[in-house]
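Since chain A is already given, all that's left is putting chain B on it; use the hints.
Chain by chain, the residues:
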Amino acid sequence: MEIKLDVSMLEPCEPLERTLEAVQQLTPGDYLHVLHRREPHLLYPLLEKTGCAWRCIEQQADQYAIYIWRENDHLAAQAAAAHFLN
Amino acid sequence: MLNPASLSLDQAPPISIPFRFFITAPLFGLAAGLLLVIYGPSLFLTRWSPMTLGLTHLLTLGMLAMVMCGALLQMLPVIAGSPVPAVVAVGTVSHLLITAGTGLLVVAFMTGNATANLLALIMLGSGIGLFFIVIAIALWRVKTVTHTITAMRVALAAFLITLLFGLLLASGFLSSVGFGHIAQLVNVHLGWGVLGWIGLLLIGLSYQVVPMFQVTPEYPERMRRFLAPGLFTLLLVWSVLMLAAAFNLIGSVVPVLIMFLLMPGFIFYAVITLRLQRQRKRRVPDITMQFWRIGMLAILSGAAIWGFGRLFSALATGPQFDLLLGVVLIVGAGLSVVNGMLYKIVPFLSWFHLQNRQLSLMCMTVQVPNMKEFITDKSSRLQFKVYLVSLVLLLAAVIKPAWFAHIAGIVFMFSNLLLLKNLSMAMIRYRKTNQALLAYVVDSEVK
Chain A
1 MEIKLDVSML EPCEPLERTL EAVQQLTPGD YLHVLHRREP HLLYPLLEKT
51 GCAWRCIEQQ ADQYAIYIWR ENDHLAAQAA AAHFLN
Chain B
87 MLNPASLSLD QAPPISIPFR FFITAPLFGL AAGLLLVIYG PSLFLTRWSP
137 MTLGLTHLLT LGMLAMVMCG ALLQMLPVIA GSPVPAVVAV GTVSHLLITA
187 GTGLLVVAFM TGNATANLLA LIMLGSGIGL FFIVIAIALW RVKTVTHTIT
237 AMRVALAAFL ITLLFGLLLA SGFLSSVGFG HIAQLVNVHL GWGVLGWIGL
287 LLIGLSYQVV PMFQVTPEYP ERMRRFLAPG LFTLLLVWSV LMLAAAFNLI
337 GSVVPVLIMF LLMPGFIFYA VITLRLQRQR KRRVPDITMQ FWRIGMLAIL
387 SGAAIWGFGR LFSALATGPQ FDLLLGVVLI VGAGLSVVNG MLYKIVPFLS
437 WFHLQNRQLS LMCMTVQVPN MKEFITDKSS RLQFKVYLVS LVLLLAAVIK
487 PAWFAHIAGI VFMFSNLLLL KNLSMAMIRY RKTNQALLAY VVDSEVK
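So the protein lines, in turn, are chains A and B. Quick note: the first sequence uses my numbering, first residue 1, plus one each step. Quick note: the second sequence uses my numbering, first residue 87, plus one each step.
Same shape as in the complex, but just chain B:
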């Protein structure tokens, strides 16, 4: 539930703050596609190759975290009635630091350049650190703590844990002291990033976004109350057990057992979301919902692949197993949902800011476009189809890299180019209407 007492658009950041995060995501997508086009099959040899790690971070930091950060800066004042302190300065600086830091990190992975690595660590550490502090303050100040806020809090903690493990791994400190269990720590970093930061935030945002934008019934009350904190607790237990296993204090099978408790939580979330979408009150075609449906099916597929891999370990011995899981969860689940969400958030924000300005000026002669006019169904449908083909090709590239890796890169680039075009169109339309409204003020003053 929103907090009506303190709800005000004046507390929300100017639209340029979330927009800059959103528009940066497809640019990193283009870079990821270009990497696939240039290096092709060599990116699908093993998840441990520096190039593959670079590609992974282009997607996770450059696309997923980028959109999530922009959305959080915008949504916190609106859904929690809690403004983010110094939002313009922090939004501007953290966007620059995260963007530059991600670029440098990928360069460092690909070239092994120590200076790029050090700069990336400083920029990402300070950029995400700064973001964490202001969002934590805003979340701390929330008066009415809803289930979405609880999920946001645990997701933000997960983001910090992901960052800390990432910084520790990239600093080279562990190898300098002879710590030989890097792989386990990478898995903990990955677990917190994918299941914690992205997974828990997605769950929390769904409680608001799915019923509101997709006109579905609400998520069940018990699920909203317990799922995100429960999964966060299990992730904590899993991490401790992973570290204990790394030091041979317990068998390596023990943390896997905790994962068997975690996975049903995500399966449950995906099944409930699909069920709510089936109960939609208004059955009109909706691209965001189709993106989300792919995302939910990817969560279910990811859980099934992981489960089979653990139960029948012979299946999981090759490097392709982890790569397949990565494509399914990061691209299939994460990117699908984020891409779909952009098609609601960007037009809605554009419409709402303009509507607010129009009413403030009492300028009824300038028509504010409706949501569908910012990004047309035709343009988003085309991008969805191209995106879907790129996802299928990426999955095929895991199995047959030599055949599909390059073409997957080309189609993925095309998909991001279309996304960039669609978002740019919305922003241009916003700017034009805004200028017309501002021109009205100037004209009125002259008269």
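With the rest of the complex left out, here is chain A:
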């Protein structure tokens, strides 16, 4: 199931905080769809540490979609991939 999180109007460190909080709440089959105004490079090393995989898609110059799922959750990975494959 997709969990949507819009952090595009928040100032640092709230987007990172909210995303990490949401990651902790992911249940099997869930993936996170984060909307951000910048590519959150600083999030990536933190996601690695939580055992998550991600994919960032630049939709417009100031609009990014980041899909995050647990590395060992293949169902969530498949569901998230539907957004950026093809």
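Derived by calculation from the structure, the hints in this document are not laboratory data. A hint or two may mislead.
To be verified - Straight-line distance between alpha carbons at most 35 Å, and here's what the computed DSBU-like set of lysine-lysine pairs gives:
(1) K486(B) / K464(B)
(2) K464(B) / K4(A)
(3) K458(B) / K49(A)
(4) K518(B) / K49(A)
(5) K49(A) / K367(B)
(6) K229(B) / K4(A)
(7) K4(A) / K458(B)
(8) K518(B) / K507(B)
For chain B alone, kept in the frame of chain A given last:
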């Protein structure tokens, strides 16, 4: 744009490296305030008095360069994905050399002591030289050259030029060979320091910091591409023409004409920054933004004062004109922005380092404070108000030194004391949480 491939917190220096630069700045601010309290009006007679030069360097080297150096050491690995070589050793040594060198330089200005002067030159030369080499290596290695990196490169070159002119002037070499155009060279040193090193670095950092921390739209693409390199080129042309004018090869009005091309660049930067801040997506009160707004207005005021002074030269004949310009640009623009930036950088670094450690340890029982908890809005707002009063009093002291110089010093000291307290609070909070996280590791190992 950041470089995701090589981005890693492991490449960044330990937090103690940038912190030591940041915490030193208000200490020099306190020293500058103390100088004002003790010597008062005599510091506002002319920009050429040794005491005034000492005060100026407490602000430019002790505060502005100090924070800029700490920020660069920290930010390069993060925003450019390029680690600074031997960052712990270089950060430690260059901080010590720049701190001691600045202190000795001020003593040398005030007492005329030749040994202090020589030691200051050696320490500042080696401290800034060392800093320059490692940052230049890191900037050279950057794979994805963004507009911020380009601005950092030209700003770093400006820092070196400022240093070289400073060393040349302070060495006494010029007077020993009978070179009689010291004033022009001092202006070139000042131009590179204020407009080059501080101005260009500020422009480059703004491209990252303003949209990220103040939630504004991005700076226009063309501006990001051309402004910093364009201003750097104009500064080079201006310097050559200044030297040509010093040797009477051209009229002294020619370099002034180049300055008339340079100033619109800085005006444009300030106007665009103010406009972006007006277009903020999330309109919540923000102290950093207020500091920056004062800084941008000071850039505009400085450009206006300089322009009026050149167009109506009768206005610019007294020593007060240059002093006013100095207070507006160094304190009003430089210190405002640096002070405001500290309120974002210090809490953000503290939060990020702790968050990283927490996730590495998977220790969710220790709560990491959020950014606002490291330095509260109430404390930073109070310091902003005191800082603003000190700026107004410093401007008033230029006009009426006997009335305002001492009180300006007292309020400036108070402002720096509050800044020191606020930064210390953040660092104490960082240390406490870090210790709690480390204690968790020890406990887990014992179990």
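Which of the numbered hints above does this structure break?
-> none
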